[in-house]
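Asker: So you can see what is in the structure, the chains are spelled out below.
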Amino acid sequence: MSDSRIDVKKTYKMYLGGNFPRSESGRTYKVYDGDKNLLANACQGSRKDFRDAVKIARGAFSGWSARSAYNRGQILYRIAEMLEDRRDQFMKELGPIGFKTAEAEADINASIDRLIYYAGWADKYQQVFGSINPVASSHFNFSLLEPTGVVAAFAPEKSPLLGLASVIAPIIVGGNTCVVLASEEYPLPAISFAEVLNSSDVPGGVVNILTGFREELSEHFSTHMDVNAMVYTDKLPQEMKKSIDENASLNVKRIINKPIDDWYSEEAQSPYFLTNFQETKTTWHPVGF
Amino acid sequence: MKYPDFNQTVPIDHVGVEERVSRLNKRSIKKDSKIQALKMALSMIDLTTLEGKDSPGKVIQLCQKAKRPHPAVPDLPTVAAICVYPSMVSVAKNALKGTDINVASVATAFPSGQSPLSMRLEDTKFAVSEGADEIDMVISRGAFLNGEYQLVFDEIAAVKEACGEAHLKVILETGELHTYENVRKASDIAMHAGADFIKTSTGKTSPAATQPVTLVMLEAIRDFYYDTGKMIGMKPAGGIRTAKQAIQYLVIVKETLGADWLNKDYFRFGASSLTNDLLMQIVKQQTGHYQSLDYFSND
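Line by line, the protein sequences give chains A and B.
Counting in full-length UniProt numbering, the first sequence runs from 1 upward without gaps.
Counting in full-length UniProt numbering, the second sequence runs from 1 upward without gaps.
Don't take every hint at face value.
[Unchecked claim] Some chain A residues close to chain B (C-beta under 10 Å, calculated; not the full set):
#1 R47
#2 R58
#3 M82
#4 L145
#5 G149
#6 H224
#7 D226
#8 N251
#9 R254
#10 I255
#11 N257
[As the list claims (entries may be wrong)] Quick partial rundown of chain B residues pointing at chain A, CB under 7 Å, derived from the structure:
#12 Q285
#13 Q286
#14 Y290
#15 Q291
[Stated by the list, open to error] Simulated crosslink set (EDC-like; lysine to aspartate or glutamate; CA at most 16 Å straight-line):
#16 A:K55 to B:E181
#17 B:K26 to A:E24
#18 A:K30 to A:E185
#19 B:K244 to A:D3
What the hints contain is simulated information worked out from the structure, not anything from laboratory work.
The model shown is predicted, which means the values in this text are computed figures rather than measured ones.
The beta carbon of each residue, even a glycine, is placed where N, CA and C say it ideally should be.
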């Protein structure tokens, strides 16, 4: 083979319903590495893309939430396995955006561990957070957790892989489906992560990943009436935060905002994160009949 | 009136039909025009419940929806008609008293049409006597595919007679007719036999309404109008679920037959799930927020 072969650059697209479409708007934006060299073009998602994604996520919800908790755990574990398998690809992607080899390695390891952590919780959180309640009348009274529905999320800006995995895992393990906006500055690992998801038994539509600008999309994320909860972990500008909170009141979306600086730390993983996306249903059942 | 020879076939340009439809689908309808189109589509809906589990309660509930499609938006049109089985006609008639919403009923052994003609006529007469304003009948597809066009013609004419004052919609069940030529021929037979409307499908078989089939039928209506001066209505039914599709249909009608056909007297949608998508789109246009089905009634 001749030495003058031209490098084939990967085209990064979005991930919707198990497919990799371009943005409906046809727009793209440039993604640079740490030294301001052009890395790739990413899709600049639009309001319509988001709407499509929510529709897809809603469609996938009933199937995903009806799966057994055990099965969802298996699938999360499978994502971890596939990520393990694709280590090299992520090493190559994290390198140019400022991760030293050891750091990139640590980031991938932590991402795999995090997925397995939540996979483990899949069939256990119900025991821990559900309950049988003592009541004065002759009833069994028990509280169960049920997934809230479609969750929209802003992935952390500075932690394109570990942060992304840490946001997605607690949402989907409890039976929700999600639409995630990837890190604006470093969207590439998110799309590669989508390839991992796509090859690891996650049904299409459970996780949908958009790339684009937060500034542009935050209003649509927060106003969509078919989104049941919204999560972000970065410190957003005061104004954006305020408008998200106000918009969320339209359909009383839950807003989960927990700033996390260090995604390696213990505070970045917790079974309580899972309960952020669960609704408690309490059932009364008469006894003695 | 001179009847054409139904043994002759009107040639249809298949590629041309599909090409024309796909070109019409590229129209972009936005802002005020979109709101107008959405409301127009809503006013053309035949809200339908045709299930074995239909009960008076369910029909009454559907009638409420017909009268006030979405209580949160006051200036909405009502739908065109409620479509039920003959046994539920009187229930619907009662529930719709004082409105101009019609009650349509599927008679003639819907959806298969496989029972003796005398029973189908009885079925029709019963629905009319219960107060149905419109009758949706199915043609004998078996006879049609067998080439017994005269029989099909006579049956439609007989049902038309049994209808009396009520309007007759003739369901061709295009999914079972296989070719556009057959669709065209069945349309011609139905119109000459006295149909007030021709309708694509029962909604019980697949494929149901498609846009190319609708275009073929609309062109049959156009030719019939040129021949006789009589305006026949069109009703695509089944498979139309989104507001976007509905607007595409309106464009096809406008471009094939003109604005005279763009009202509920000459164009209907046989679609139930379409209603909520139209409502969601209308509310979206008003509030600027994409909607959730959580806020719209199921039936």
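Asker: Does each hint fit the structure? Answer for all of them.
Answerer: Quick rundown of the hints versus the structure:
Below 10 Å, beta-carbon pairs count as interface contacts, and R47 of chain A has one with chain B at about 9 Å; its hint therefore holds. Taking 10 Å as the C-beta contact cut-off toward chain B, the hint placing R58 of chain A at the interface holds, the least distance being around 8 Å. The interface hint given for M82 of chain A is violated, since its Cβ lies 33 Å from the closest Cβ of chain B, which is over the 10 Å cut-off. Because the beta carbon of L145 of chain A sits about 20 Å from the nearest beta carbon in chain B, more than 10 Å, this interface hint is broken.
Annotation: G149 of chain A was flagged as interfacial toward chain B, and the flag holds, the nearest CB pair being 9 Å apart, inside 10 Å. Using the Cβ-Cβ criterion of 10 Å, the hint placing H224 of chain A at the interface with chain B is satisfied: the shortest such distance is roughly 5 Å. For D226 of chain A, the suggested interface contact is upheld, since its CB lies about 4 Å from the closest CB of chain B, less than 10 Å. Nearest Cβ of chain B to the Cβ of N251 of chain A: about 7 Å, under the 10 Å cut. The hint holds.
The criterion of a C-beta within 10 Å of any C-beta in chain B is not met by R254 of chain A, whose closest approach is roughly 15 Å, and the hint is violated. For I255 of chain A, the interface hint is violated, since its Cβ never comes within 10 Å of a Cβ in chain B; the closest pair sits about 16 Å apart. Of the supplied interface hints, the one on N257 of chain A is violated, with its beta-carbon coming no nearer than about 21 Å to a beta-carbon of chain B, more than 10 Å. The restraint placing Q285 of chain B at the interface with chain A is violated, with a minimum CB-CB distance near 14 Å, outside the 7 Å limit.
This hint is violated: Q286 of chain B has a C-beta 13 Å from the nearest C-beta of chain A, more than the 7 Å allowed. A distance limit of 7 Å between C-beta atoms decides the matter here; for Y290 of chain B the minimum to chain A is near 5 Å, and the interface restraint holds. For Q291 of chain B, the interface hint holds, since its Cβ comes within 7 Å of a Cβ in chain A; the closest pair sits about 5 Å apart. For the hint linking K55 of chain A to E181 of chain B, the alpha-carbon distance of about 38 Å lies beyond 16 Å, and the restraint is violated.
Restraint check for K26 of chain B and E24 of chain A: the C-alpha separation of about 15 Å stays at or below 16 Å, so the hint holds. A C-alpha spacing of about 9 Å is found between K30 of chain A and E185 of chain A, which places the hinted pair at or below 16 Å, so the restraint holds. This hinted pair does not check out: K244 of chain B and D3 of chain A have alpha carbons roughly 52 Å apart, beyond 16 Å.
The structure is inconsistent with the numbered hints 3, 4, 9, 10, 11, 12, 13, 16 and 19, although it conforms to all the rest.
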